[in-house]
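There are 2 protein chains.
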Amino acid sequence: MHDKNKAVVLLSGGLDSGTTAQIASSGELEIYAMSFSYGQRHTVELEAASKIADFCKAREHRIIDIDLGRLGGSALTDSSIDVPKDRSEGEMASGVPSTYVPVRNLVFLSYALAWAEVLGAFDIFIGVNSLDYSGYPDCRPEFIESFEKTANLASAASAEGGGRFKINAPLMQKTKAEIILEGKRLGFDYSLTHSCYDPDENGLACGKCDSCKLRLKGFREAGLKDPIKYQ
Amino acid sequence: MHDKNKAVVLLSGGLDSGTTAQIASSGELEIYAMSFSYGQRHTVELEAASKIADFCKAREHRIIDIDLGRLGGSALTDSSIDVPKDRSEGEMASGVPSTYVPVRNLVFLSYALAWAEVLGAFDIFIGVNSLDYSGYPDCRPEFIESFEKTANLASAASAEGGGRFKINAPLMQKTKAEIILEGKRLGFDYSLTHSCYDPDENGLACGKCDSCKLRLKGFREAGLKDPIKYQ
Numbered sequence: 001m002h003d004k005n006k007a008v009v010l011l012s013g014g015l016d017s018g019t020t021a022q023i024a025s026s027g028e029l030e031i032y033a034m035s036f037s038y039g040q041r042h043t044v045e046l047e048a049a050s051k052i053a054d055f056c057k058a059r060e061h062r063i064i065d066i067d068l069g070r071l072g073g074s075a076l077t078d079s080s081i082d083v084p085k086d087r088s089e090g091e092m093a094s095g096v097p098s099t100y101v102p103v104r105n106l107v108f109l110s111y112a113l114a115w116a117e118v119l120g121a122f123d124i125f126i127g128v129n130s131l132d133y134s135g136y137p138d139c140r141p142e143f144i145e146s147f148e149k150t151a152n153l154a155s156a157a158s159a160e161g162g163g164r165f166k167i168n169a170p171l172m173q174k175t176k177a178e179i180i181l182e183g184k185r186l187g188f189d190y191s192l193t194h195s196c197y198d199p200d201e202n203g204l205a206c207g208k209c210d211s212c213k214l215r216l217k218g219f220r221e222a223g224l225k226d227p228i229k230y231q
Numbered sequence: 001m002h003d004k005n006k007a008v009v010l011l012s013g014g015l016d017s018g019t020t021a022q023i024a025s026s027g028e029l030e031i032y033a034m035s036f037s038y039g040q041r042h043t044v045e046l047e048a049a050s051k052i053a054d055f056c057k058a059r060e061h062r063i064i065d066i067d068l069g070r071l072g073g074s075a076l077t078d079s080s081i082d083v084p085k086d087r088s089e090g091e092m093a094s095g096v097p098s099t100y101v102p103v104r105n106l107v108f109l110s111y112a113l114a115w116a117e118v119l120g121a122f123d124i125f126i127g128v129n130s131l132d133y134s135g136y137p138d139c140r141p142e143f144i145e146s147f148e149k150t151a152n153l154a155s156a157a158s159a160e161g162g163g164r165f166k167i168n169a170p171l172m173q174k175t176k177a178e179i180i181l182e183g184k185r186l187g188f189d190y191s192l193t194h195s196c197y198d199p200d201e202n203g204l205a206c207g208k209c210d211s212c213k214l215r216l217k218g219f220r221e222a223g224l225k226d227p228i229k230y231q
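If you read the sequences in order, they're chains A and B.
The numbers in the first sequence follow the numbering used here, run straight up by one, and end at 231.
The numbers in the second sequence follow the numbering used here, run straight up by one, and end at 231.
It should be emphasised that the hints constitute simulated quantities derived from the structure, not laboratory data.
Keep in mind that a hint or two might mislead.
Any copy, or any two copies together, can satisfy a pair, since identical chains are not distinguished.
Said to hold, decoys possible - Subject to a maximum C-alpha distance of 27 Å in a straight line, what follows is the list of computed BS3-like cross-link-like pairs (lysine-lysine): (1) Lys174 <-> Lys184; (2) Lys149 <-> Lys166; (3) Lys174 <-> Lys149; (4) Lys225 <-> Lys208; (5) Lys213 <-> Lys57.
Start from the sequences, fold in the hints, and give me the full structure.
Shown next as structure tokens:
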């Protein structure tokens, strides 16, 4: 019943998840892309996700509406909280930033697992990264390992002995520059991606939020020019 | 920042989650009830949940719309699959039934954790039960224990040392009769609850699905009359 050639890929539209989709689709796997609409300030992210899903020849791209934003608590979903700008690397590394959406990756992975079970897929890909992770607790390897154990206990497919779910996080130990070089090696087009937490009305990136700064530093260290436009 | 007197209670409107809400609210905790609308065939469940939230003096009751039903794969959300009727206890105990919604409790607990983090709560209550569990893998104690570990790795509150999340499953080792007797002891009103997988157009329970049969057996063994009406 379960087909080992299918994989669910979590796709935000950013540089990391785009590279992850490229990695997943470069092997023998048929990919199913999953994105979430959760009261983000920007929908330009979801447009980027759709372009990447096409580019990586995803068999299907599902955009799931979730109410996570309504629970409040993050600058990314609550317009009364400002997105932090021009933080130093020291500031980024210290503590959890206000752009944290409560346990976002846990919710996303749970949906991915539900879809994987219905599809008969055992592989799930997520573009989390523990080096350039900007202080989010649910990007750490110990979280991903623990989720994989929980997933295999939660699921009927696994309970019936059909196989084991694997949570693939191929970027976990890579620097941003290494991620970009790997994506380029596999032929990925970074002009499709969007990283900014606070784009202007035309969708142009600010160049100043944590996400833009990490991205620009990555391209600089990779010796490449970032193909997207900034304000 | 986190307040140990708040608790998030997952409330489906059934006998088990109703008893769980009664248990949670009988102590020192202020309860926040959370229910899900996920393409169930019946909304009578959600009406029951609202009545129970009122009865248990929940500070707030959130009903979250989720797209889980759209992923397909269950008789509870897909009208092309029949709800199984009149199964023997042997049939119920063997394997995963078609009423299984893919990794439902994992998705529900993930949302509960997101809300708990925003509220500053560290206690989450869920009415899962490993004895009368009707074959669902995500009702087993090893799943709940594994989720609790994952939750504490996923969350900013826990990462910052604010405390540890606890997943309370007070019914885990109880028979249905013991659950009912405990609820009655605490003054719970079972006429508010709804258990049937396949009610008629008036919301009356069928008395024949797995859930009705387990409920009726529980009342019988507790020596009590079930206060709800059947078709």
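Do the hints match the structure? See the list:
In this assembly of identical chains, the alpha carbons of Lys174 and Lys184 lie at most 27 Å apart only when taken from the same copy (14 Å versus 57 Å across copies). Proximity of Lys149 and Lys166 under a CA criterion of 27 Å is satisfied in both settings, with 9 Å inside one chain copy and 18 Å between copies. For the identical chains of this complex, Lys174 and Lys149 are neighbours both inside a copy (23 Å) and across copies (26 Å), given an alpha-carbon limit of 27 Å. Taking the shortest alpha-carbon separations for Lys225 and Lys208, only the intra-copy value of 17 Å comes in at or below 27 Å, while the best inter-copy value is 66 Å.
When the C-alpha separation of Lys213 and Lys57 is checked against a cutoff of 27 Å, the pair qualifies neither within a copy, at 30 Å, nor between copies, at 48 Å.
Checked against the numbered hints given earlier, this structure breaks only hint 5.
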